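*Asks:* Here are the chains, one letter per residue:
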Amino acid sequence: MINVHDISMNCQLTEFVGTAVLDSIGLVIGGVDEQLHKQMGIPEKYRALGVFSSRTGAAGQITAADEAVKMTNTEVLIIDLPRDTKGWGGHGNYIVLGAENVEEARHAISLMLELTNKNAGELYISEAGHLEFAYSASAGQALHKAFQAPMHQAFGFLCGSPAAIGLVMADRALKSADVEIVSYMTPSIGTSHSNEVILAVTGDASAVKEAVLTAREIGLQLLISMGSYPEIPGIPFLE
Amino acid sequence: MINVHDISMNCQLTEFVGTAVLDSIGLVIGGVDEQLHKQMGIPEKYRALGVFSSRTGAAGQITAADEAVKMTNTEVLIIDLPRDTKGWGGHGNYIVLGAENVEEARHAISLMLELTNKNAGELYISEAGHLEFAYSASAGQALHKAFQAPMHQAFGFLCGSPAAIGLVMADRALKSADVEIVSYMTPSIGTSHSNEVILAVTGDASAVKEAVLTAREIGLQLLISMGSYPEIPGIPFLE
Amino acid sequence: MINVHDISMNCQLTEFVGTAVLDSIGLVIGGVDEQLHKQMGIPEKYRALGVFSSRTGAAGQITAADEAVKMTNTEVLIIDLPRDTKGWGGHGNYIVLGAENVEEARHAISLMLELTNKNAGELYISEAGHLEFAYSASAGQALHKAFQAPMHQAFGFLCGSPAAIGLVMADRALKSADVEIVSYMTPSIGTSHSNEVILAVTGDASAVKEAVLTAREIGLQLLISMGSYPEIPGIPFLE
Numbered sequence: 002m003i004n005v006h007d008i009s010m011n012c013q014l015t016e017f018v019g020t021a022v023l024d025s026i027g028l029v030i031g032g033v034d035e036q037l038h039k040q041m042g043i044p045e046k047y048r049a050l051g052v053f054s055s056r057t058g059a060a061g062q063i064t065a066a067d068e069a070v071k072m073t074n075t076e077v078l079i080i081d082l083p084r085d086t087k088g089w090g091g092h093g094n095y096i097v098l099g100a101e102n103v104e105e106a107r108h109a110i111s112l113m114l115e116l117t118n119k120n121a122g123e124l125y126i127s128e129a130g131h132l133e134f135a136y137s138a139s140a141g142q143a144l145h146k147a148f149q150a151p152m153h154q155a156f157g158f159l160c161g162s163p164a165a166i167g168l169v170m171a172d173r174a175l176k177s178a179d180v181e182i183v184s185y186m187t188p189s190i191g192t193s194h195s196n197e198v199i200l201a202v203t204g205d206a207s208a209v210k211e212a213v214l215t216a217r218e219i220g221l222q223l224l225i226s227m228g229s230y231p232e233i234p235g236i237p238f239l240e
Numbered sequence: 002m003i004n005v006h007d008i009s010m011n012c013q014l015t016e017f018v019g020t021a022v023l024d025s026i027g028l029v030i031g032g033v034d035e036q037l038h039k040q041m042g043i044p045e046k047y048r049a050l051g052v053f054s055s056r057t058g059a060a061g062q063i064t065a066a067d068e069a070v071k072m073t074n075t076e077v078l079i080i081d082l083p084r085d086t087k088g089w090g091g092h093g094n095y096i097v098l099g100a101e102n103v104e105e106a107r108h109a110i111s112l113m114l115e116l117t118n119k120n121a122g123e124l125y126i127s128e129a130g131h132l133e134f135a136y137s138a139s140a141g142q143a144l145h146k147a148f149q150a151p152m153h154q155a156f157g158f159l160c161g162s163p164a165a166i167g168l169v170m171a172d173r174a175l176k177s178a179d180v181e182i183v184s185y186m187t188p189s190i191g192t193s194h195s196n197e198v199i200l201a202v203t204g205d206a207s208a209v210k211e212a213v214l215t216a217r218e219i220g221l222q223l224l225i226s227m228g229s230y231p232e233i234p235g236i237p238f239l240e
Numbered sequence: 002m003i004n005v006h007d008i009s010m011n012c013q014l015t016e017f018v019g020t021a022v023l024d025s026i027g028l029v030i031g032g033v034d035e036q037l038h039k040q041m042g043i044p045e046k047y048r049a050l051g052v053f054s055s056r057t058g059a060a061g062q063i064t065a066a067d068e069a070v071k072m073t074n075t076e077v078l079i080i081d082l083p084r085d086t087k088g089w090g091g092h093g094n095y096i097v098l099g100a101e102n103v104e105e106a107r108h109a110i111s112l113m114l115e116l117t118n119k120n121a122g123e124l125y126i127s128e129a130g131h132l133e134f135a136y137s138a139s140a141g142q143a144l145h146k147a148f149q150a151p152m153h154q155a156f157g158f159l160c161g162s163p164a165a166i167g168l169v170m171a172d173r174a175l176k177s178a179d180v181e182i183v184s185y186m187t188p189s190i191g192t193s194h195s196n197e198v199i200l201a202v203t204g205d206a207s208a209v210k211e212a213v214l215t216a217r218e219i220g221l222q223l224l225i226s227m228g229s230y231p232e233i234p235g236i237p238f239l240e
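Taken in order, these protein sequences are the chains called A, B and C.
Read in order, the letters of the first sequence correspond to residues 2 to 240 in the numbering used here.
Read in order, the letters of the second sequence correspond to residues 2 to 240 in the numbering used here.
Read in order, the letters of the third sequence correspond to residues 2 to 240 in the numbering used here.
These aren't lab readings, by the way, just hints derived from the structure by calculation.
These figures come from a predicted structure and were not determined experimentally.
Warning: the hint list may mix true and false statements.
Heads up, the list lumps identical chains together, so a pair's fine if it works in one copy or across two of them.
Computed list of lysine to any residue pairs in SDA-like fashion (alpha-carbon distance at most 20 angstroms, straight line) [to be verified]:
#, residue 1, residue 2
1, Lys87, Ser127
2, Lys39, Glu181
3, Lys87, Ser229
4, Lys71, Glu105
5, Lys87, Leu214
6, Lys146, Ser184
7, Lys46, Gln13
8, Lys87, Glu128
9, Lys39, Ser189
10, Lys176, Arg48
11, Lys46, Asp34
12, Lys87, Tyr230
13, Lys146, Glu76
14, Lys71, Asn11
15, Lys146, Pro44
16, Lys87, Glu232
17, Lys71, Leu114
18, Lys176, Glu35
19, Lys119, Met227
20, Lys146, Ile190
21, Lys71, Ser189
22, Lys210, Pro237
23, Lys39, Cys12
24, Lys210, Ile182
25, Lys71, His145
26, Lys146, Glu211
27, Lys87, Ile233
28, Lys119, Thr15
29, Lys39, Ser184
Please build the complete structure, drawing on both the sequences and the hints.
*Replies:* Right under this line is the structure:
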């Protein structure tokens, strides 16, 4: 009979790249099986895949993918937002990158793992709910695909759960700076039925940053009013 | 760097109204941002919003909204049922009310917070699953919008998770009294993929009450058969 | 006022059949209420129902239903996959069987409870995620309905969460044996937004078994690489 404790935590499989915070794992497939390739409906030229997912968090990891794709010869094929967060009110993520060779895929996934650890500094998780923030000076493929961010323009993201907090953050963010909505998501619009209101905006870099920082200031006050302080799985870095 | 512990739990934001059990928060927006107003697709005349959400519970809070709207000059604009309950098998809620001024919105949200604490007395949460019950002698806007309840008629609601319990409760409730189905929801019909069967009924007030009380009697026996007693986040009041 | 502790865990309701691991409960309805019967849209001849649901697990219980239906005079009417697993990244289940009399329904549900305890031996749940495996030498109604398995042919099932693990398991399974995909499910395809990649395959019995065992070997290594060992709510039996 199988004994799971005979298996080492130090994974030796060729597909394994690494893990990161928020129950994230990064993997590669060198030459994807022909039948699976067809079923996935991905472009013919991509035989190597980078595969990433986390139980918790979406914007941080999608922003990580955005940077990783810019820095490597890869393309974003799939960005899914499973309803997860391990019992909290939001999403996890499932991201597949295409590459022409497995070294590129591995490089991109390594970058994603590293950036996921960094971006987790703008995730705030209390007993009552959570907040997530992201900013990019120049949106690339992943942010475009996931949130309709205009390419090469500044991108800001804010998310609050329970959803009521997200709506007030969105209102304050839009009032604080001259930015334009690119995505507006609610429990019944665009999410996987998460308990969140999400806003993504574009505009001048300084205005977008200001909108995100305003949302963070307001969101933290509202989240903390619910009676517990958030844990932060990284180091806050937006300022 | 931001230090979340510098932020007081005693929220001073003008949007803050209060909190209630089940990780509920009630907020208002005085004059909603123009761009957000358009994105939300809400009627022109409502510039003030009441915003409410909970991580856990739906019928109790929607019934609270129903009463609050009757007692104030507000209208129900959004009722969403995120898949939540903090790891349990049901829904949270996200409710937006429209008002012509912020005082009316604040009054309605205050009433909702108070009634949410009361209605939580008919929520039963064990290690295995949960039950929720609601009753109104005269359904208003919110119950009509959420569950197709006929306006001004008696309304009864029952919900059981895991879903099998809900179906048997529904069967017994319908056999116990002369009531008519107005909503029937399952993991694949009408819910956000929750593990529940939900039934809402209308009819004569005494019949509707009888159906709900029968469902509660049967549901509790089945839930408790699973090996743990439910916690009740309020004081049971239906009788 | 109702006191829930007055209610016995030893349920005496005629509908009660029993419970099983994974917060599973099995119930029957002898003569389903006329109004409910119509609302459910089930065939006229089935007045007796077997009703089953679990907070956690799908393939094991659907395989249990598959066997139970073969061994009794019942038919599968509903298989739903609520997004559940009590805070983990996958599904629970809600299964309704039709029977012409309640004894048949009770017999089928008893078999399902017993087989659910057995099949739980191929469910692996760690702090980070979970894996589930199933195998049938000859798929019947339930596996056909849920996963499009060809009737009377061998059926293999593998599921990994977070989803990235599932994709690599699927790739390795398909490379390991001459099998054909019958279902491919991801957070946005076929699931209820779970954080899983699921593959179901058919083919020669030995090839299907080989594919499932390969997936288990790979999946366990990847899941354990995330830093915790899985618990198994039964005894592993596939070999």
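*Asks:* Evaluate each hint against the coordinates.
*Replies:* Against the structure, the hints come out as follows:
{"no.": "1", "hint": "Lys87 <-> Ser127", "in the structure": "both (13 angstroms within a copy, 12 angstroms between copies)"}
{"no.": "2", "hint": "Lys39 <-> Glu181", "in the structure": "between (39 angstroms within a copy, 12 angstroms between copies)"}
{"no.": "3", "hint": "Lys87 <-> Ser229", "in the structure": "both (18 angstroms within a copy, 15 angstroms between copies)"}
{"no.": "4", "hint": "Lys71 <-> Glu105", "in the structure": "within (12 angstroms within a copy, 50 angstroms between copies)"}
{"no.": "5", "hint": "Lys87 <-> Leu214", "in the structure": "neither (27 angstroms within a copy, 28 angstroms between copies)"}
{"no.": "6", "hint": "Lys146 <-> Ser184", "in the structure": "within (11 angstroms within a copy, 26 angstroms between copies)"}
{"no.": "7", "hint": "Lys46 <-> Gln13", "in the structure": "neither (28 angstroms within a copy, 56 angstroms between copies)"}
{"no.": "8", "hint": "Lys87 <-> Glu128", "in the structure": "both (13 angstroms within a copy, 10 angstroms between copies)"}
{"no.": "9", "hint": "Lys39 <-> Ser189", "in the structure": "between (31 angstroms within a copy, 17 angstroms between copies)"}
{"no.": "10", "hint": "Lys176 <-> Arg48", "in the structure": "between (46 angstroms within a copy, 14 angstroms between copies)"}
{"no.": "11", "hint": "Lys46 <-> Asp34", "in the structure": "within (13 angstroms within a copy, 46 angstroms between copies)"}
{"no.": "12", "hint": "Lys87 <-> Tyr230", "in the structure": "both (18 angstroms within a copy, 17 angstroms between copies)"}
{"no.": "13", "hint": "Lys146 <-> Glu76", "in the structure": "within (11 angstroms within a copy, 36 angstroms between copies)"}
{"no.": "14", "hint": "Lys71 <-> Asn11", "in the structure": "neither (30 angstroms within a copy, 44 angstroms between copies)"}
{"no.": "15", "hint": "Lys146 <-> Pro44", "in the structure": "within (16 angstroms within a copy, 31 angstroms between copies)"}
{"no.": "16", "hint": "Lys87 <-> Glu232", "in the structure": "both (15 angstroms within a copy, 17 angstroms between copies)"}
{"no.": "17", "hint": "Lys71 <-> Leu114", "in the structure": "within (15 angstroms within a copy, 48 angstroms between copies)"}
{"no.": "18", "hint": "Lys176 <-> Glu35", "in the structure": "between (51 angstroms within a copy, 9 angstroms between copies)"}
{"no.": "19", "hint": "Lys119 <-> Met227", "in the structure": "between (27 angstroms within a copy, 18 angstroms between copies)"}
{"no.": "20", "hint": "Lys146 <-> Ile190", "in the structure": "both (16 angstroms within a copy, 17 angstroms between copies)"}
{"no.": "21", "hint": "Lys71 <-> Ser189", "in the structure": "neither (32 angstroms within a copy, 25 angstroms between copies)"}
{"no.": "22", "hint": "Lys210 <-> Pro237", "in the structure": "within (14 angstroms within a copy, 48 angstroms between copies)"}
{"no.": "23", "hint": "Lys39 <-> Cys12", "in the structure": "neither (28 angstroms within a copy, 51 angstroms between copies)"}
{"no.": "24", "hint": "Lys210 <-> Ile182", "in the structure": "within (14 angstroms within a copy, 47 angstroms between copies)"}
{"no.": "25", "hint": "Lys71 <-> His145", "in the structure": "within (13 angstroms within a copy, 44 angstroms between copies)"}
{"no.": "26", "hint": "Lys146 <-> Glu211", "in the structure": "neither (24 angstroms within a copy, 38 angstroms between copies)"}
{"no.": "27", "hint": "Lys87 <-> Ile233", "in the structure": "both (15 angstroms within a copy, 19 angstroms between copies)"}
{"no.": "28", "hint": "Lys119 <-> Thr15", "in the structure": "neither (26 angstroms within a copy, 33 angstroms between copies)"}
{"no.": "29", "hint": "Lys39 <-> Ser184", "in the structure": "between (31 angstroms within a copy, 13 angstroms between copies)"}
Going down the numbered hints, you'll see the structure goes against 5, 7, 14, 21, 23, 26, 28, while the others check out.
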